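**Q** The chain contents come next:
There are 2 protein chains.
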Amino acid sequence: MEFDRRQVATLVLGSAASVSLVSAASAQGDPLPSWNDGAAKEAIVKFVHATTDAASPQFVPVAERVATFDQDGTLWVEHPIYTQLVYCFDRVPALVKAHPELAKAEPFRTVLTGDREAIAKLGLEPLLKVVAATLTGIDVDTFRDEVASWIKDARDPRWKRPYTELVYQPQIELLKYLRGFGYRTYIVTGGGQDFVRVYAEETYGIPPEQVVGSAGAVSYQYGAKGPVLIKEPKLLLNDDNAGKPEGIHLMIGRKPYFAIGNSTGDRQMLEYAKAGTGARLAMLVLHDDGAREYAYGPAQGLPDTKVGTFTQELYDEATKDGWIVVSMKNDWKRVFAFD
Amino acid sequence: MEFDRRQVATLVLGSAASVSLVSAASAQGDPLPSWNDGAAKEAIVKFVHATTDAASPQFVPVAERVATFDQDGTLWVEHPIYTQLVYCFDRVPALVKAHPELAKAEPFRTVLTGDREAIAKLGLEPLLKVVAATLTGIDVDTFRDEVASWIKDARDPRWKRPYTELVYQPQIELLKYLRGFGYRTYIVTGGGQDFVRVYAEETYGIPPEQVVGSAGAVSYQYGAKGPVLIKEPKLLLNDDNAGKPEGIHLMIGRKPYFAIGNSTGDRQMLEYAKAGTGARLAMLVLHDDGAREYAYGPAQGLPDTKVGTFTQELYDEATKDGWIVVSMKNDWKRVFAFD
Numbered sequence: 025m026e027f028d029r030r031q032v033a034t035l036v037l038g039s040a041a042s043v044s045l046v047s048a049a050s051a052q053g054d055p056l057p058s059w060n061d062g063a064a065k066e067a068i069v070k071f072v073h074a075t076t077d078a079a080s081p082q083f084v085p086v087a088e089r090v091a092t093f094d095q096d097g098t099l100w101v102e103h104p105i106y107t108q109l110v111y112c113f114d115r116v117p118a119l120v121k122a123h124p125e126l127a128k129a130e131p132f133r134t135v136l137t138g139d140r141e142a143i144a145k146l147g148l149e150p151l152l153k154v155v156a157a158t159l160t161g162i163d164v165d166t167f168r169d170e171v172a173s174w175i176k177d178a179r180d181p182r183w184k185r186p187y188t189e190l191v192y193q194p195q196i197e198l199l200k201y202l203r204g205f206g207y208r209t210y211i212v213t214g215g216g217q218d219f220v221r222v223y224a225e226e227t228y229g230i231p232p233e234q235v236v237g238s239a240g241a242v243s244y245q246y247g248a249k250g251p252v253l254i255k256e257p258k259l260l261l262n263d264d265n266a267g268k269p270e271g272i273h274l275m276i277g278r279k280p281y282f283a284i285g286n287s288t289g290d291r292q293m294l295e296y297a298k299a300g301t302g303a304r305l306a307m308l309v310l311h312d313d314g315a316r317e318y319a320y321g322p323a324q325g326l327p328d329t330k331v332g333t334f335t336q337e338l339y340d341e342a343t344k345d346g347w348i349v350v351s352m353k354n355d356w357k358r359v360f361a362f363d
Numbered sequence: 025m026e027f028d029r030r031q032v033a034t035l036v037l038g039s040a041a042s043v044s045l046v047s048a049a050s051a052q053g054d055p056l057p058s059w060n061d062g063a064a065k066e067a068i069v070k071f072v073h074a075t076t077d078a079a080s081p082q083f084v085p086v087a088e089r090v091a092t093f094d095q096d097g098t099l100w101v102e103h104p105i106y107t108q109l110v111y112c113f114d115r116v117p118a119l120v121k122a123h124p125e126l127a128k129a130e131p132f133r134t135v136l137t138g139d140r141e142a143i144a145k146l147g148l149e150p151l152l153k154v155v156a157a158t159l160t161g162i163d164v165d166t167f168r169d170e171v172a173s174w175i176k177d178a179r180d181p182r183w184k185r186p187y188t189e190l191v192y193q194p195q196i197e198l199l200k201y202l203r204g205f206g207y208r209t210y211i212v213t214g215g216g217q218d219f220v221r222v223y224a225e226e227t228y229g230i231p232p233e234q235v236v237g238s239a240g241a242v243s244y245q246y247g248a249k250g251p252v253l254i255k256e257p258k259l260l261l262n263d264d265n266a267g268k269p270e271g272i273h274l275m276i277g278r279k280p281y282f283a284i285g286n287s288t289g290d291r292q293m294l295e296y297a298k299a300g301t302g303a304r305l306a307m308l309v310l311h312d313d314g315a316r317e318y319a320y321g322p323a324q325g326l327p328d329t330k331v332g333t334f335t336q337e338l339y340d341e342a343t344k345d346g347w348i349v350v351s352m353k354n355d356w357k358r359v360f361a362f363d
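Residue numbers (my numbering), protein chains in the order written: chain D, 25 to 363; chain F, 25 to 363.
Don't read these hints as lab results, they were simulated from the structure. Watch out, some of these pointers could steer you wrong.
It does not matter which identical chain is used: a pair holds within one copy or between any two.
[As the list claims (entries may be wrong)] Straight-line Cα separation of at most 30 Å, BS3-like style, residue types lysine-lysine; simulated pairs:
1. LYS258 <-> LYS353
2. LYS153 <-> LYS258
3. LYS249 <-> LYS298
4. LYS344 <-> LYS249
5. LYS70 <-> LYS330
6. LYS153 <-> LYS70
7. LYS258 <-> LYS330
8. LYS176 <-> LYS200
9. LYS249 <-> LYS70
10. LYS258 <-> LYS128
11. LYS353 <-> LYS249
12. LYS70 <-> LYS298
13. LYS353 <-> LYS298
14. LYS176 <-> LYS121
15. LYS153 <-> LYS200
16. LYS153 <-> LYS344
17. LYS200 <-> LYS128
Everything numeric in this text was worked out from a predicted model, so none of it was measured.
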C-alpha cells in the first residue's frame, strides 16, 4: 500500500489539516499534469475538495473515502483484445503439453495454429473453454508465479512493450491524487481477480485486497507440501455489469464516492456510486483517440469494435445524470508515460 | 479504520523505527494488561517482535501484515447460541406480520411460541429456513438499519447487557496491540458478513472491508428511490472450515501471519496461516472457564455442547503443530471489560 506524505499528514493531523494541504499541493505544482485544463479535470479537483475539505458541507470521513476504477480500457489498453485473453492463448501450448489429448480437440487445435483470423472466429463458448482450461486446475501460488513470469516477458504487438507499460499516465496521476487525499483506490474489473492482483501493486499502487474482480471458487486441499488452494472451474462472482456493485458490496461493503469506467459493463457501478448521498463523481473514458491509442464506441459515431463497448445509450445516460465523459483526445495531454 | 500514533509512526518512519518503538511501548507499560504472564502472552509478544523488528530475520513488510480473528467464541460470547441466531428468532414476529401466511407454517409457528425447548428441538433444516427467511429478501441498507437497531436494544439473558459488551477484553487489547505494529486485523467468521459489518467498527475497530464472513448473493435492482442491492437466498461463501482460507483468498489475497480461532471451524484457517514461510502464529481459545464465561470442548474433558465445538483431535493437532492453546481460565486476567 502506498502512503505518500500528504496522506500520512491527513491521518496524523486529521481532517482539519486538509485545507492547508490543498494549498500546499497547489503550491507544489499541478498534481494532474497529464490532464488538460477543462471540465473533466475541473470536476475531479472540485470533487476532491468538496469531500476532503473539513469546512465543506459535503466532507467525507477518511474511513469512507472509497474510489473504484475499472481496469480494461480505463487504466490500461484493452484493444485489440483483453490482455488476460492473450495470456490464456499463450498458455495453451503448455496446457497441451501437460494434456496431450487436447492437441486435436477444439478449440485448442485452432488456438495452437496461431491463425489469428480463425481464432477470432471461434465465438464465445469455445473461448470460455480456453479461459476455463488455462485459468483453473492449478493452485493459486503456482498461478501467481506463472502470471508474474508472463507479464514480465510478454509484449504488446503494436508498441512492443510490456502490457504493464500500456497504462494511462493521466489515470496513474489520478490514482495518486485521490490517495493523496485519503481515498482508498480499488480496481473493480470484469477481469480475473487473481490475474490482476499479480501486477496491480507494482503497476497501480493497488494492493491485492483492493482488487475486486471476477472470481472463481478455490478449494482448500492438502498437497504434498501442505495446504493449497486449487482454482476451480466455478464462477463465484462475474464482476461485470450488475456484478460490479454486487462485488463492491461483497468485497468492500461501502458505496464508492468516486467511480470511473469506460464501457457498458461499468454502467451499474457508476449508477450505484451516484446513488449515494453527498458529492459523488462518476466518470467514463471515451476512446476517441485513434492516433495515440484506439478509437471505438459506438457512441458519438465511433467504430463499434465489440471490445469495451460504449453505446450511445450509455453516453446519453451519462449526459442526463451528470456523469463526466473524459475524451482521451481532448482531456489527456499524454496517454502513456513513454509518450 | 483506527490509526494509533505508533502505527502512523511506523508508516511515516518506516520499519527501521520499530525497534525503538518496541522499547517505547514497553516503557509505556503493558499493552496486554488483561493477559496473565505465561506461554500465550509470551508467544504473542515474541511473534510481534519477530515480524516487525527491522533487525529480525523474520521481518514482514507492513503491507503483508495480516491477522485474522474468528468472531463467535473468539472475540465475543457464542453460548448458549450464536448471537446472529438470536437476531433471526427475534425477527420472526416482524416477518410473520409482513407475511401472515407464515404464522401457521413450521418452523415459524414453533418459533413464535417462544418455547425454548421446542425451538431447540427443531433441528438444522428448519433452523436454516428461519435464517434464510430473516436474512434475505431485503435491501442491504434496510438490513443494516434493522441490525443496528436490534444490536443496540437486545440484551443477553445472563449478563443483561448488550451483546456488543460481551466481547473479550484480552482480545480487544490483542487487536489494538497488533494494529499498533502495523497489522491489519480482519474478522473471518462463519457468521454473516453483512451482519457483523454493522457493529464491527465500533465494537472491534474493524472496518467493513476487513470483515470476511459467510456471504449471500445480492442482486442489483432498480427500486423506487434508485438502485438497491437485494439480499438473495443464495449462499456465495460458507465462511467456515475450508471456507475460511477460501474466503481469505477471495477477500484479502494474502496468507495471514497471525490467526486465532476457538473451534473446529477454524482448523483450516490456522493450518493455512501456519503453512506460510517465516514466523506465523496460530492460536485457539479454549473455553475452560465456566465461572466467568462458559466451559465447553469436548477437548480436555470439557462438556460437549455442540456450539463452538473444540474436539480433542483439534487439541492434539494444535499441540503437534505448535499452535498455542489459550486457556480462558489461566491466560486471561479478566474476560470482559465490565469484570
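**Q** Taking the hints in turn, state whether each one holds.
**A** For each hint, the structure was consulted:
In this assembly of identical chains, LYS258 and LYS353 lie within 30 Å of each other by CA distance neither inside one copy nor across copies; the values are 40 Å within and 45 Å between. With identical chains, the CA atoms of LYS153 and LYS258 are at most 30 Å apart both within one copy (12 Å) and between copies (26 Å). Proximity of LYS249 to LYS298 under the C-alpha cut-off of 30 Å is restricted to the inter-copy arrangement: shortest distance 12 Å between copies versus 48 Å within a copy. In this assembly of identical chains, LYS344 and LYS249 lie within 30 Å of each other by CA distance solely across copies; the values are 17 Å between and 57 Å within a copy.
Neither within a single protomer nor between protomers do LYS70 and LYS330 lie at most 30 Å apart by alpha-carbon distance, with minima of 34 Å and 57 Å respectively. Taking CA atoms no more than 30 Å apart as the test, LYS153 paired with LYS70 passes in neither setting, with 46 Å inside one copy and 49 Å between copies. In this assembly of identical chains, LYS258 and LYS330 lie within 30 Å of each other by CA distance solely inside one copy; the values are 26 Å within and 32 Å between copies. Proximity of LYS176 and LYS200 under a CA criterion of 30 Å is satisfied intra-copy only: 24 Å inside one chain copy versus 39 Å between copies.
For the homomeric pair LYS249 and LYS70, the shortest alpha-carbon distance between copies (26 Å) is at most 30 Å, but the shortest distance inside one copy (54 Å) is not. When the C-alpha separation of LYS258 and LYS128 is checked against a cutoff of 30 Å, the pair qualifies only within one copy, where the shortest distance is 25 Å, while the shortest distance between copies is 39 Å. For a Cα distance limit of 30 Å, the shortest separation of LYS353 from LYS249 qualifies neither inside one copy, at 53 Å, nor across copies, at 36 Å. Taking the shortest alpha-carbon separations for LYS70 and LYS298, only the intra-copy value of 16 Å comes in at or below 30 Å, while the best inter-copy value is 48 Å.
In this assembly of identical chains, LYS353 and LYS298 lie within 30 Å of each other by CA distance solely inside one copy; the values are 26 Å within and 52 Å between copies. In this assembly of identical chains, the alpha carbons of LYS176 and LYS121 lie at most 30 Å apart only when taken from the same copy (22 Å versus 61 Å across copies). Neither within a single protomer nor between protomers do LYS153 and LYS200 lie at most 30 Å apart by alpha-carbon distance, with minima of 38 Å and 47 Å respectively. When the C-alpha separation of LYS153 and LYS344 is checked against a cutoff of 30 Å, the pair qualifies neither within a copy, at 40 Å, nor between copies, at 44 Å.
Taking CA atoms no more than 30 Å apart as the test, LYS200 paired with LYS128 passes in neither setting, with 49 Å inside one copy and 59 Å between copies.
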